[in-house]
Structure formats: structure tokens, C-alpha cells
Amino acid sequence: MSSATLAGLVGAALVGLGLYGVIADPQPLRKILAFNLIGSGVFLVFGIVARKGAAAGLSADPVPQGMVITGIVVAFAASALAVALTLRLFEETGRATLRPDAGTKPPDDGADAE
Amino acid sequence: MSLALDLFSIAAISAGVFFFLAGTVGLLRFPDALSRLHALTKADNLGLGLIVLGLLPRAESLLAALMLVAIWALVQLAGATAAQLIGRAVRRKGPAI
Amino acid sequence: MSVLQALDVGLALLVFAVAAWTVFAPGPFAATVGYVVYGLLLSLVWIRLFAVDVALTEAAIGSGVTGVLLIGAAARLRGAETTPAEEALTGLTRLFAAGLCLLVVAALAAVVLLLPDQGPTLAPQSMERLPETGLGNPVTAVLIAFRSFDTMLEKVVLVLGVVGVWSLAADRYWGGAPGEARAERPEPTLAFFAQMLAPIGILVGVHVFWVGADEPGGAFQGGAILAAMWMIVMMARLTEAPQASAFWLRLALIAGPAVFLAAGVAGAVVAGGFFAYPPGLAKPLILFIETFMTFTIAVTLPMLVAGPPRREPRR
Numbered sequence: 001m002s003s004a005t006l007a008g009l010v011g012a013a014l015v016g017l018g019l020y021g022v023i024a025d026p027q028p029l030r031k032i033l034a035f036n037l038i039g040s041g042v043f044l045v046f047g048i049v050a051r052k053g054a055a056a057g058l059s060a061d062p063v064p065q066g067m068v069i070t071g072i073v074v075a076f077a078a079s080a081l082a083v084a085l086t087l088r089l090f091e092e093t094g095r096a097t098l099r100p101d102a103g104t105k106p107p108d109d110g111a112d113a114e
Numbered sequence: 001m002s003l004a005l006d007l008f009s010i011a012a013i014s015a016g017v018f019f020f021l022a023g024t025v026g027l028l029r030f031p032d033a034l035s036r037l038h039a040l041t042k043a044d045n046l047g048l049g050l051i052v053l054g055l056l057p058r059a060e061s062l063l064a065a066l067m068l069v070a071i072w073a074l075v076q077l078a079g080a081t082a083a084q085l086i087g088r089a090v091r092r093k094g095p096a097i
Numbered sequence: 001m002s003v004l005q006a007l008d009v010g011l012a013l014l015v016f017a018v019a020a021w022t023v024f025a026p027g028p029f030a031a032t033v034g035y036v037v038y039g040l041l042l043s044l045v046w047i048r049l050f051a052v053d054v055a056l057t058e059a060a061i062g063s064g065v066t067g068v069l070l071i072g073a074a075a076r077l078r079g080a081e082t083t084p085a086e087e088a089l090t091g092l093t094r095l096f097a098a099g100l101c102l103l104v105v106a107a108l109a110a111v112v113l114l115l116p117d118q119g120p121t122l123a124p125q126s127m128e129r130l131p132e133t134g135l136g137n138p139v140t141a142v143l144i145a146f147r148s149f150d151t152m153l154e155k156v157v158l159v160l161g162v163v164g165v166w167s168l169a170a171d172r173y174w175g176g177a178p179g180e181a182r183a184e185r186p187e188p189t190l191a192f193f194a195q196m197l198a199p200i201g202i203l204v205g206v207h208v209f210w211v212g213a214d215e216p217g218g219a220f221q222g223g224a225i226l227a228a229m230w231m232i233v234m235m236a237r238l239t240e241a242p243q244a245s246a247f248w249l250r251l252a253l254i255a256g257p258a259v260f261l262a263a264g265v266a267g268a269v270v271a272g273g274f275f276a277y278p279p280g281l282a283k284p285l286i287l288f289i290e291t292f293m294t295f296t297i298a299v300t301l302p303m304l305v306a307g308p309p310r311r312e313p314r315r
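In the order they appear, the protein sequences are chains A, B and C. Read left to right, the first sequence gives residues 1 to 114 (the numbering used here). Read left to right, the second sequence gives residues 1 to 97 (the numbering used here). Read left to right, the third sequence gives residues 1 to 315 (the numbering used here).
Rather than coming from a laboratory, the hints here were simulated on the basis of the structure. All C-beta atoms in this analysis are idealised placements derived from N, C-alpha and C, irrespective of residue type, glycine included. There's no promise every hint is true.
To be verified - Just a sample of chain B residues kept apart from chain C, beta carbon distances all over 10 Å, derived:
{"id": "1", "residue": "Ser2"}
{"id": "2", "residue": "Ala12"}
{"id": "3", "residue": "Leu46"}
{"id": "4", "residue": "Leu48"}
{"id": "5", "residue": "Val90"}
Unchecked claim - Restraint ranges, calculated between C-beta atoms of paired labels, are given here:
{"id": "6", "chain 1": "C", "residue 1": "Leu13", "chain 2": "A", "residue 2": "Thr93", "range": "38 to 48 Å"}
{"id": "7", "chain 1": "C", "residue 1": "Leu114", "chain 2": "B", "residue 2": "His38", "range": "49 to 59 Å"}
{"id": "8", "chain 1": "B", "residue 1": "Leu62", "chain 2": "C", "residue 2": "Leu203", "range": "33 to 43 Å"}
{"id": "9", "chain 1": "B", "residue 1": "Ala80", "chain 2": "C", "residue 2": "Gly27", "range": "23 to 33 Å"}
{"id": "10", "chain 1": "C", "residue 1": "Ala262", "chain 2": "B", "residue 2": "Ala59", "range": "38 to 48 Å"}
{"id": "11", "chain 1": "A", "residue 1": "Leu98", "chain 2": "B", "residue 2": "Leu62", "range": "31 to 41 Å"}
{"id": "12", "chain 1": "C", "residue 1": "Ala262", "chain 2": "B", "residue 2": "Ser35", "range": "20 to 30 Å"}
Model the full assembly from the supplied sequences, consistent with the hints where possible.
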């Protein structure tokens, strides 16, 4: 089994792990982490396609590599927006949860309104 | 001559790997954060230094060798800063952070 | 099994184990640290796939800058009260989720295993046209010359990300500065580290960008290193983040995509096609565009990490 196939299989496994993390973990930050795992797994599958396209003196096809670089940057931008949303949600409600009935933070400190 | 250099590389890199292993064992087995920090910083810096020393004879040019040494210096700088900051945080907030 | 194959198998198992730790770790902080380690191991996997530019990008942006973002978020969310007991999925739902994920993994693994050994590739065409661009690195040529439209749109996505993040500011903070104010007495350890590292980092960042024309490197990797230097100086509180209403900041954020777009439109006028580069002027034009791209990336990434403004704007 070549290194490229191994990397592709790892990529497939990472997509599965990430998908499970997105579904199963209730905290938004963990979902963002798992979403990044899915992204990097998909990029690894791109990587095996690039490696199998080795030709013309190059060790890997450059076009999928360019797409992966673009994808890494865009995934970072998406993560930054998601993290900003999560932090804002935490500032507004005092809890970091996606449940719709979480309610807003009590306006005065010290009163336990939960 | 090249055989001697290869043996030196193998010996230095093996010693470096041993130190990394020792540091990782310390990370996993020591009871509290400060002693784990101690094990990591001492062992990892020495381990990286030995690995860089072992890679120096195999560098392609003087510039590449200098870059290896610069990498070691930068990692030491980063590691020292991180260890200081973690140690300060542990001291402030207690061992259970 | 040769040594290299054993290394590949070991690396694959390690990457999978650390990723599993990231998903199943007890606390969000531990999971985030696991993600940073995972990113660095992943760049080793990319090197084994002979994609060195991607390895650099993954280490710099995927693991480095995303790690800063997530660790900062995990630290600030530490007081969040989620009660996992009431919110976690029931056992049956978890089983179904696991089954779905196994199905997805099986499908992807089947695709990976059924790929032909010598797949369709654009490498010959890239190498054929490479001398016309004057570059030596085919990945940089793909990014800036052959698929330049994609790269320009990606820069626009970064700008949209900043717009999205800034729009999350509370009304009274609109136009203010994110992050903390500059400290009277910055913490000595971090200040020393920032003062020692920033000049070296700027040099390395510019070098990685410049060398990307012919060797692995490029605008994204160099820009990410420059962004990291600005972030470390801001984290040491030796300087503070600029106000969101600062004109130079907004100019810097759009400089990259604006110059890129202008070059594309000029290509339509001068060289006969949208985003066509005039022959003979290709390399200087590409380096000109890349300079502004690197500058914009170095300004955009820290703004995305710093988040929405949290201090009142100064008049």
C-alpha cells in the first residue's frame, strides 16, 4: 500500500471522525473543531488524487495542491467567523450552547436566574 | 570519513530520540504540572540539540547547516517562553488548571 | 516492509489517534491543544505526499493561526455552563450517528482504493506553460497564473470574513478596536519573546514569500508568518489592535483583492483576456500582485483572530 493510498484512507477516517464529532458533541467549539477535521480529511483525499497525478517530472499534480491551499485558507476564515459567533452567543446568553431556549443573561450580577 | 560522519549522525540522532522519549515519559508519568514542565523543557531542548547536531554533517551547504542551528535556537526561545508562562500560570492558579 | 513504509503507517496511526483525541477529549481546551498537534502531524503527512507548499500552509494557517484562534476561544469559553448530561445525545442516536459515519468512511475508502494508479492529471499542461509565467514553482503558477480567478475570489472571501466578524460587534463598540489595550507594563516574558522573535519572523516571512516563486513557499505561507508576528506583538500587549474604522486598516484589507482585480481587468484591456498576463511581463506582474496579497493576508489573519471590536471607538 503506497503512502498516497494510506493518506487517502486516513483522510476518509478523519471525515468520519469529524462527522461524528459534529453530530454528537453539543458544544459549538467542539463542533467547530470537528468541522475542521472534516475539512482536513477532504483535503487529504485531494492529496491522494494529486499524488496519483504525478507526471511530467513533477511528484504531484499542482492543480489539486493549489485547491487545497485555497481550501485551508477559506476553512480558517469560516472557523474565525464561527468562533466569533460562538463568543458573541456566549456574551449574550452566558452559555455556549445551541439550544434555542437558553435565554439571555440576567442584567444584574449576582442574581441566580437559571 | 563519510562512514565516521554517518556513525556520528546515527549516534547523535539516537541520543536525541532517547532524550525525547525520556521527556515524553516524564510528561505522562509525573504527578503535577510543574514537574511535567521541568521534564519537557530539559529533555526536549537537549533532544532537539542532539538531533540538530546529528543532522549537521548531512546538511547540503553551510547555509542549510546555519538554518538548522537557527531552528534550534528559535525552538529554545519559544520553549523557554512557553515554560515560563505555563509555570507562572500554574503558580498563580494552583496546580489544577 | 521498508523503513519508509513503517514510518508512513506509524504516522497514519498517530494522526488518527490524535484526531480521535480531539473528538473525544474531556474538555474543550484539551481538544483544542490536540487539534494543534494534529495539524502539525498532518503537515508531515503532506510532506510524504510530496506537497511541500500544502505542508507549509497547513502548518502555518491550518495548525498555527487556527490554533491561536481556537485556544483563545476555548480560554474565553471556560466559564460557559453547558451541562453535557442534559444535552448529550442518547445512546441510540449516538449509535445511529456512528453508523452513518462508518458508512461515509466506507464510501470514501472505496473511492480511495478504487482510484487508478495513474490518474487524470493536469501536470503536463502545467509544466508546458510554466516557462511562460517565468516562475519555477508550479503550485505558485497554478495559484496566481492558471487559476488566478479562484485565488482572487479567495481573497474576497477573507474580506467577507472580516466583514462578518466585525458585524458581530455590539452597537456601542462599532468602529472601535478589538482586543486589549496596550499595557503600561507588558508582561516581561512575553514582551521579550515578541521583541526577539518579531524581527526574525518578519525576515523569515518575507523570505518565504519571495522564494515562493521558484521553490516551495508563496504569498499565503509568508503572509501567515507575518500575520503571526503581528499577533505575537499584540498578544504581548506591546501594541494594540487598530480601530476598525481606521482608514489605513481598511485600505490594507482590500489592497490584495483590489490589486488582483485591477490586474485582471487590465489584462482584459492589454493582453486580450480577463486575467491574461502580457507575455514578458508575467513574472514582475505576478510578484507585484503577490506583494499586495501577502500584505493583505498579514493584515487580515490577525483581524480575524482578534475578533469583533470590544472597546469604544476613540474620536
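Comparing the hints with the structure gives:
1. Ser2: holds, 20 Å
2. Ala12: The assertion about Ala12(B) holds, with a minimum of 19 Å to chain C.
3. Leu46: holds, 21 Å
4. Leu48: holds, 14 Å
5. Val90: holds, 14 Å
6. Leu13(C) <-> Thr93(A): 38 to 48 Å: Once the Cβ atoms are compared, 41 Å apart, the range 38 to 48 Å for Thr93(A) and Leu13(C) holds.
7. Leu114(C) <-> His38(B): 49 to 59 Å: The hint (49 to 59 Å, Cβ to Cβ) holds, given that Leu114(C) and His38(B) are roughly 51 Å apart.
8. Leu62(B) <-> Leu203(C): 33 to 43 Å: violated, 18 Å
9. Ala80(B) <-> Gly27(C): 23 to 33 Å: holds, 27 Å
10. Ala262(C) <-> Ala59(B): 38 to 48 Å: Distance hint for Ala262(C), Ala59(B) holds at roughly 43 Å.
11. Leu98(A) <-> Leu62(B): 31 to 41 Å: violated, 57 Å
12. Ala262(C) <-> Ser35(B): 20 to 30 Å: violated, 59 Å
In this structure, the hints that do not hold are numbers 8, 11, 12, in rising order.
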